[in-house]
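Undergrad: Protein sequence lines correspond, in order, to chains A and B. Counting from 1, one number per residue, gives the positions in the first sequence under our numbering. Counting from 1, one number per residue, gives the positions in the second sequence under our numbering.
It is worth saying that the hints were derived from the structure and are not from the lab. In this text the structure is predicted, and so the values were computed from the model without any measurement. It is possible that some hints are incorrect.
[To be verified] In silico lysine to any residue, SDA-like type, Cα no more than 20 Å apart, as pairs:
| no. | chain 1 | residue 1 | chain 2 | residue 2 |
| --- | --- | --- | --- | --- |
| 1 | A | Lys18 | A | Val37 |
| 2 | A | Lys259 | A | Ile199 |
| 3 | A | Lys261 | A | Gly179 |
| 4 | A | Lys259 | B | Lys74 |
| 5 | B | Lys74 | A | Val37 |
| 6 | B | Lys74 | A | Ser36 |
| 7 | A | Lys102 | B | Lys74 |
| 8 | B | Lys74 | A | Val54 |
[What the hints assert, rightly or not] Simulated restraints, written as ranges between beta carbons of each label pair:
| no. | chain 1 | residue 1 | chain 2 | residue 2 | range |
| --- | --- | --- | --- | --- | --- |
| 9 | A | Leu127 | B | Gln112 | 54 to 62 Å |
| 10 | A | Ser158 | B | Ser118 | 20 to 28 Å |
| 11 | B | Phe47 | A | Gly15 | 43 to 51 Å |
We put the beta carbon where it would ideally sit given N, CA and C, even for glycine.
Here are the chains, one letter per residue:
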Amino acid sequence: MSENSLLYERPGPVGLLKNRVYAVAGGAFVLILLWSVIFRLYQRGQFDHDRWSVFLNTQVWGFLLNGLYATLLVAAISGALSFACSVPLALARISENHLIRKTAEVYISAFRAVPLLLLILFMAVLLPTVGFAWPAMAFLVVALTLHHSALLAEIVRSGIMSLERGQREAAVSIGMTGGQSMYYIVLPQAIRTMMPALIGQLLAIVQDTSLGYIIPYNELLRCSQLISTYAPQSLLQAAFVSTLLYGMISALLMVVQYKVKTRNRAVANMA
Amino acid sequence: MFWDYVFRFLQGMGVTIELSFCSILLALLAGILLAVMRICPSSPLRFFSWCYVEAMRATPVLALLIMVVWGLPKLGLMYSEFASSVLALGLYTAAWVSEAIRAGVASVPTGQVEAARSLGMSFGGILYTIVIPQAIRTVIPSLSGIAIVHIKTTSIAAVAGVLEITATSQIINVESAQWLWFLGAAVSYLILTVPTGWFFKAIEQRMVFVR
Numbered sequence: 001m002s003e004n005s006l007l008y009e010r011p012g013p014v015g016l017l018k019n020r021v022y023a024v025a026g027g028a029f030v031l032i033l034l035w036s037v038i039f040r041l042y043q044r045g046q047f048d049h050d051r052w053s054v055f056l057n058t059q060v061w062g063f064l065l066n067g068l069y070a071t072l073l074v075a076a077i078s079g080a081l082s083f084a085c086s087v088p089l090a091l092a093r094i095s096e097n098h099l100i101r102k103t104a105e106v107y108i109s110a111f112r113a114v115p116l117l118l119l120i121l122f123m124a125v126l127l128p129t130v131g132f133a134w135p136a137m138a139f140l141v142v143a144l145t146l147h148h149s150a151l152l153a154e155i156v157r158s159g160i161m162s163l164e165r166g167q168r169e170a171a172v173s174i175g176m177t178g179g180q181s182m183y184y185i186v187l188p189q190a191i192r193t194m195m196p197a198l199i200g201q202l203l204a205i206v207q208d209t210s211l212g213y214i215i216p217y218n219e220l221l222r223c224s225q226l227i228s229t230y231a232p233q234s235l236l237q238a239a240f241v242s243t244l245l246y247g248m249i250s251a252l253l254m255v256v257q258y259k260v261k262t263r264n265r266a267v268a269n270m271a
Numbered sequence: 001m002f003w004d005y006v007f008r009f010l011q012g013m014g015v016t017i018e019l020s021f022c023s024i025l026l027a028l029l030a031g032i033l034l035a036v037m038r039i040c041p042s043s044p045l046r047f048f049s050w051c052y053v054e055a056m057r058a059t060p061v062l063a064l065l066i067m068v069v070w071g072l073p074k075l076g077l078m079y080s081e082f083a084s085s086v087l088a089l090g091l092y093t094a095a096w097v098s099e100a101i102r103a104g105v106a107s108v109p110t111g112q113v114e115a116a117r118s119l120g121m122s123f124g125g126i127l128y129t130i131v132i133p134q135a136i137r138t139v140i141p142s143l144s145g146i147a148i149v150h151i152k153t154t155s156i157a158a159v160a161g162v163l164e165i166t167a168t169s170q171i172i173n174v175e176s177a178q179w180l181w182f183l184g185a186a187v188s189y190l191i192l193t194v195p196t197g198w199f200f201k202a203i204e205q206r207m208v209f210v211r
């Protein structure tokens, strides 16, 4: 936060007073906005006991946590699959063979261009018609993998490209083959530098599993909506609680991402 | 029958264009405001901007959309699904816009800001005449990327019942039992995103400057 403090003088007595006035005015504006939202919700009985009492029921929580488990399961499977696909894709993208390179380019730009929701709907329609009568979870995993492997491949590629040429040249000059130098020298270093971006992509995958809502796959968001068929008065409350659960998972990943970023910076400063 | 489908498909494309345009405009304005708040001298405003951006990063856009679409009527504000979607998508992308602009602000050489300060310019003056114009020009490529991702994200408005390309292709697919319409939808997103990239490229070339 302090990195931009060059933009203004260190405030003197008048400046401090001014800042305080702005802070009070801005804070008051935000608080009034929040308060009016909360008050209106209160007026319409959104904080009544019977709207929230569903969450005192352990079975409801069991159902929600099942949804959370389904979300995390899909995120883990498609995260692992996308990463596994993205490294070969990135290598194909920088391959010297014209045909391989073009194929990877077409794959990457095609799946980056299609909205994920459309891809999920398409997979849910296409795969059964060509004979894969899988459960909804599989369609979600396939669509997420196709989409995110293309995005990850670009991250991996930029990670490989950002490494100095000398590393690879040195490896080749001590007699390693191209593949060996990639596997032992380039990839380990590239993956370390792009770790924050990879975690960011995992975060995106976790959040994108919520699109399974429409196939329908019973992940967290869908479960929260199903609760409202059991307790119709708690529609908004259930959506809010599920958003909080997503927020907790995301916050965890964001903290890990921050830790990795600072550790990387510390390592870079040591070198 | 076929031409009826084509007509509805083009209508869906029109809705996607309207939706994207309105929400990108909202996102740009709110994003610039958030970026300014994030670097201003007042610490509560900085804190608010930080909270907003991190909260948006931690929320799946579909969950946000559903809360806005279901929640606004509960507030007694009965807007259309379209307006609710614009609001949700715009507020979501504003966070990314503000992060991009902040990166642009960091790229402005400190010497320029110091020179401006030594001339006695105020914080607002420095931002308006020196920092923001350069910051926005520097980040036009990333704004272009954000806009293209945003156009694709508008597809989730289909869940809220807005009849844009994705929703239309889904309905036509059910009616005609012809999944080729999904390919048509994919192509129409290309028809929208590729010129968006050109548009930003043109702006970039027009606003190019040498530092």
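Undergrad: Would you mind marking each hint as holding or not holding in the structure?
TA: Status of the hints after comparison with the structure:
1. Lys18(A) / Val37(A): With a Cα-Cα distance of about 29 Å, the restraint between Lys18(A) and Val37(A) is violated, given a limit of 20 Å.
2. Lys259(A) / Ile199(A): Status holds; Cα separation ~11 Å.
3. Lys261(A) / Gly179(A): violated, 28 Å
4. Lys259(A) / Lys74(B): violated, 40 Å
5. Lys74(B) / Val37(A): holds, 10 Å
6. Lys74(B) / Ser36(A): holds, 13 Å
7. Lys102(A) / Lys74(B): violated, 52 Å
8. Lys74(B) / Val54(A): Distance ~19 Å between Lys74(B) and Val54(A) Cα, so the pair holds.
9. Leu127(A) / Gln112(B): 54 to 62 Å: Check passed, 56 Å falls within 54 to 62 Å.
10. Ser158(A) / Ser118(B): 20 to 28 Å: With a Cβ separation near 39 Å, Ser158(A) and Ser118(B) fall outside 20 to 28 Å, so the hint is violated.
11. Phe47(B) / Gly15(A): 43 to 51 Å: violated, 19 Å
In this structure, the hints that do not hold are numbers 1, 3, 4, 7, 10, 11, in rising order.
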